[in-house]
Amino acid sequence: MEDSYNKTAINGLDPKFKFEVIQAGGEGLSACYQCGTCTGGCPSVEDMDYTPRQIIRMVSFGMREKVLNATAPFICASCYLCQMRCPRDVKITDIMAAIKSISIKYSNSSGNTRGQAFYTSFNEIVYNLGRLFEPMLMLKATFRSKESFGYKIKYLTKSVPLGIEFIKHRKFSMKPKKVESIEEVQKIYENVRKMEAKE
Amino acid sequence: MKYSYYPGCSLESTSVEYDISTREVFKAFDLTLEEIPDWNCCGASSAHSESYLLSLALPARDLAKAEDIESTVVAPCPSCYQNLKRVKEYVEKSIENRDRINKALEGTGLKVEGKVAVKHPLDILINELGLEKLAEKIKVPLEGLRVVTYYGCMIIRPDGSYTFDDMENPMTMDRITLTLGASVLPFTRKTRCCGGPVMVNNEETALRLSYDILKEAKEADAQAIIVACPLCHLSLDAKQPLIEKKYGDKVNLPIIYFTQLIGLALGIPEERLGFDKLIIDASGITAKYKPKKKKSNKKKTTAKAKSITTH
Ligand code: SF4
Ligand code: SF4
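Protein chains in written order, with the working numbering: chain A, 5 to 203; chain B, 4 to 314.
Hints should not be assumed to be uniformly reliable.
Said to hold, decoys possible - Computed footprint of chain B on chain A, listed as stretches where at least three residues anywhere in the stretch have a Cβ under 8 Å from a Cβ of chain B:
1) 46–59
2) 72–81
3) 98–111
4) 135–145
5) 161–172
6) 190–196
Said to hold, decoys possible - With a straight-line cut-off of 16 Å between C-alpha atoms, the simulated EDC-like cross-links for lysine to aspartate or glutamate are:
7) B:K106 to A:E188
8) A:K20 to A:E31
9) A:K70 to A:E24
10) A:K158 to B:D41
11) B:K280 to A:E169
12) A:K172 to B:D279
13) A:K182 to B:D41
14) A:K156 to B:E206
15) B:K118 to B:D71
16) A:K162 to B:E206
17) B:K122 to B:E207
By construction, these hints were calculated from the structure, which means they are not laboratory data. From a predicted model like this one, the values you see are computed outputs, not experimental measurements. By construction, the Cβ of each residue, glycine as well, lies at the ideal position given by its N, Cα and C atoms.
Build the full structure now, drawing on both the sequences and the hints.
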């Protein structure tokens with residue numbers, strides 16, 4: 005099996021990539037008939053490097069490198085409009101998320117884009133606290149990303165007035181809340197990681 | 004009626020006002036909410052970027068805990084609502100699925116069966132309580148108030164087997180708002196994404212999408228936008244000053260949770276609905292719809308006692 009797949013790999017295309025994406029939760033991929041309904045409604049498409057329709061096709065073709073380096077999945081706002089409207093029931097939003105998860109898995113931490121940094125930080129916080137503490141997420145994601153130091157400072161400075169507003173309106177306590185049986189949440193993370201390594 | 008209640012992370016931080024106003028409104032109708040003990044984050048739209056299984060397993064712990072309390076769990080945050088609903092539907096689909104999730108829960112002492120219903124407060128208020136019962140309790144009709152309703156993405160999407168409203172043109176919040184006496188203006192961006200989920204990693208897109216919504220509401224001559232999602236609220240309310248600065252446009256439009264609006268019409272004092280937590284000041288609206296006798300009953304605690312004095 006392995007071998008016959010490798011033989012069909014031409015021009016850097018990876019015929020297994022499609023299955024990798026399906027395995028990561030991207031169902032319905034092969035049903036796409038390229039109508040473009042997804043792209044037509046997408047609110048974020050003008051900021052994407054490839055449109056949702058193109059991403060689906062690129063995954064089917066096995067354009068692994070291009071897809072994993074595309075910005076589109078990280079620009080996707082997970083609004084599910086495309087998925088709801090797709091006449092072929094392709095789970096486009098789930099495919100975008102699946103691509104994100106694969107791209108994060110294979111990125112080395114030094115090459116963290118802001119998008120990758122955001123999602124990695126999110127899971128780190130939930131692993132440690134069991135709950136999300138939004139200010140911490142913003143700080144962590146900013147520090148982890150590979151943007152220049154100057155940019156980070158500018159970004160954080162811009163966010164200061166908002167932080168002040170939150171404190172003024174007593175939106176949250178300064179101390180993050182934590183799940184008491186945090187070991188249960190961590191157990192779930194560990195179970196999932198073990199199960200996925202096997203599958 | 005009694006429900007188990009899943010507030011979620013946003014409702015205990017950046018959107019406390021949604022939490023307290025939901026509790027107040029449910030209390031006013033004798034609907035009891037029992038918080039799931041020691042709940043954890045549902046994974047929002049981010050757990051899936053680590054793994055699909057994780058995005059199901061995190062809310063599964065909450066669902067398993069909810070199963071011990073009541074037959075229906077209420078989740079006001081649309082992201083949490085979707086995630087809980089998704090794992091429920093996944094578990095229900097096949098025995099293999101259920102076993103897979105329970106394997107992920109191994110060692111926590113919890114098991115999920117998928118037997119609880121997952122519902123949004125809008126669904127409960129419209130379909131279980133009903134608009135007639137809602138109308139009976141109105142003390143301060145919101146006459147003269149012009150608003151648009153903004154649903155965002157997650158309440159009625161993506162594609163679960165159970166939805167309580169139309170996916171392209173939802174009406175539940177409109178019907179509630181009309182029942183309260185306010186008028187609802189036509190609004191084409193009802194379910195257009197606010198950009199919230201990419202606020203941190205792609206601010207450009209996020210601010211543009213939010214501004215589109217604010218601009219249309221402003222042009223429609225609305226006095227407020229009524230919402231049902233913490234992330235939409237954050238994008239439109241807390242980020243509004245930033246948006247105004249970026250686009251050089253003074254929007255100044257209060258963003259109010261539908262539960263706050265209901266509370267206002269029920270005559271619940273604004274402090275108990277968290278109006279003071281809104282970043283864009285809504286006092287222009289709350290001042291107009293105050294319960295008739297506003298003095299001397301500040302310390303009284305039960306809603307009932309107040310309802311006698313106010314009418
Ligand atoms: S809407 Fe569905 S079928 Fe049409 S291009 Fe997009 S994914 Fe393919
Ligand atoms: S889910 Fe993502 S790709 Fe689909 S319409 Fe929304 S932003 Fe576009």
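Checked hints:
no., hint, in the structure
1, 46–59, "holds (count 3)"
2, 72–81, "holds (count 4)"
3, 98–111, "holds (count 6)"
4, 135–145, "holds (count 7)"
5, 161–172, "holds (count 5)"
6, 190–196, "holds (count 5)"
7, B:K106 to A:E188, "holds (13 Å)"
8, A:K20 to A:E31, "holds (15 Å)"
9, A:K70 to A:E24, "holds (15 Å)"
10, A:K158 to B:D41, "violated (37 Å)"
11, B:K280 to A:E169, "holds (10 Å)"
12, A:K172 to B:D279, "holds (10 Å)"
13, A:K182 to B:D41, "holds (9 Å)"
14, A:K156 to B:E206, "holds (13 Å)"
15, B:K118 to B:D71, "holds (10 Å)"
16, A:K162 to B:E206, "holds (12 Å)"
17, B:K122 to B:E207, "violated (33 Å)"
In summary, the structure is inconsistent with hints 10 and 17 from the numbered list given earlier, while agreeing with the others.
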